[in-house]
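Engineer: Chains W and H, in that order, are what the protein sequence lines are. In this text, residue positions in the first sequence follow the numbering used here: the first is 1, and each later residue adds one. In this text, residue positions in the second sequence follow the numbering used here: the first is 1, and each later residue adds one.
Worth double-checking, as some hints may not be accurate.
Claimed, not checked - Using 20 Å as the maximum straight-line C-alpha spacing, the simulated EDC-like pairs for lysine to aspartate or glutamate come out as follows:
id, chain 1, residue 1, chain 2, residue 2
1, H, K26, W, E90
2, W, K70, H, D20
3, W, K70, H, D45
4, H, K26, H, D45
5, H, K189, H, E72
6, H, K16, W, E96
7, H, K195, H, D113
To be verified - Partial chain H-side listing against chain W, Cβ under 8 Å, derived:
id, residue
8, W39
9, T46
10, I48
11, F52
12, S71
13, Y110
Said to hold, decoys possible - Reference listing, derived: stretches of chain W covered by chain H, where coverage requires no fewer than 3 residues with Cβ under 8 Å from a Cβ of chain H:
id, segment
14, 26–34
15, 41–48
16, 74–88
If you're looking for bench data, these hints aren't it; they were derived computationally from the structure. Beta carbons are placed, not taken as given, at the ideal position from N, Cα and C, and that holds for glycine.
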Amino acid sequence: MAEDGQQHPLSVYFWIWGLLFVVSFFSYMVDYMQFQGALRWSLILIFMFVKAGFIIAIFMHMKWERLSLKLAILGPPVAILVLIWLMSYEGLYIEETRVEYYGESTMEPQTPAHH
Amino acid sequence: MSEAVLSSGAEAPGTKGVADDFSRDKQVFGMPWGKAMMWIFLLSDTFIFSCFLVSYMSVRISSTDPWPIPSEVFALTLFGTSIPLVLIAIMTFILITSSGTMAMAVNMGYRKDRNKTFWLMVATAILGASFVGMQAFEWTKLISEGVRPWGNPFGAAQFGSSFFMITGFHGLHVSAGVIYLLVVAFRVKNGFYEKHGGNYEIVEITGLYWHFVDLVWVFIFAFFYLW
């Protein structure tokens, strides 16, 4: 396997290339159609993970690598989830203390009516 | 596991294979060391970009001023109408196309088709360079509108620092990738690798780096521009 490297039919790449175009178009449409709230965020995340998955699995050949490499490379980034959780917790705490002491949130865009 | 299976080079699949790979008296990853090291470098780079994106999340949650709306900040007026994020969308498609040409180059490299590999890598480099060019245009536009790392007229000051740091670091990666691609492409063309064993694994290693740059952009596009 190591001798002949990663050889796959060209059609696989053309398919993934096309799919990446389509999914990118969809994620651009999320902004263009002005979807908001939970629908917007979930669509952004779904399209993002689909694209990332195709790039890693097919273009970077991870699909055809041995499990040892998959675990060694794709395992450690899971730790980032902990950092994301900690930092969002911290950010929301700062926001909450502000609301508590100043009585105003900046999470929602301010409208002139407030002033 | 029998002697015959070991000597024939056929390795066990699944978790049994993982135990085999790590416990046998040989290198763990059955690939050229350059490729394994590129994967490990990309893993470390993943953590750097994650730190940038997580710090951006953190300041966006807790900034005292409302966050500027990227859809409006990055809108471009074309033919008299304002189109949101249009340049960013074009940049995204250009980077995906370059990833496609790179995947073809890797394939042609393994077929030892030096000429096609060279031209596909040059095409990838040109697409990459045009991406950096558009990013320079975007930066120029935002700077002329008064966006600075310490403040901007649209809202939270942290918008500028996050923008310049994240897209700047990514742009630096693309620029370095263009140079890397051109060096390897010309070595493919002038027969450098023929003199060194005729192995074109280097094209795949370069490809891994390039696809990673595209991969990072997927996350920046989702979190910075669309969110």
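Engineer: Compare the structure with each hint and give your call.
Structural biologist: Okay, the hints, checked on the actual structure:
{"no.": "1", "hint": "H:K26 <-> W:E90", "verdict": "violated (45 Å)"}
{"no.": "2", "hint": "W:K70 <-> H:D20", "verdict": "holds (15 Å)"}
{"no.": "3", "hint": "W:K70 <-> H:D45", "verdict": "holds (17 Å)"}
{"no.": "4", "hint": "H:K26 <-> H:D45", "verdict": "violated (27 Å)"}
{"no.": "5", "hint": "H:K189 <-> H:E72", "verdict": "violated (45 Å)"}
{"no.": "6", "hint": "H:K16 <-> W:E96", "verdict": "violated (50 Å)"}
{"no.": "7", "hint": "H:K195 <-> H:D113", "verdict": "holds (16 Å)"}
{"no.": "8", "hint": "W39", "verdict": "holds (5 Å)"}
{"no.": "9", "hint": "T46", "verdict": "holds (5 Å)"}
{"no.": "10", "hint": "I48", "verdict": "violated (11 Å)"}
{"no.": "11", "hint": "F52", "verdict": "violated (12 Å)"}
{"no.": "12", "hint": "S71", "verdict": "holds (5 Å)"}
{"no.": "13", "hint": "Y110", "verdict": "holds (5 Å)"}
{"no.": "14", "hint": "26–34", "verdict": "holds (count 6)"}
{"no.": "15", "hint": "41–48", "verdict": "holds (count 5)"}
{"no.": "16", "hint": "74–88", "verdict": "holds (count 7)"}
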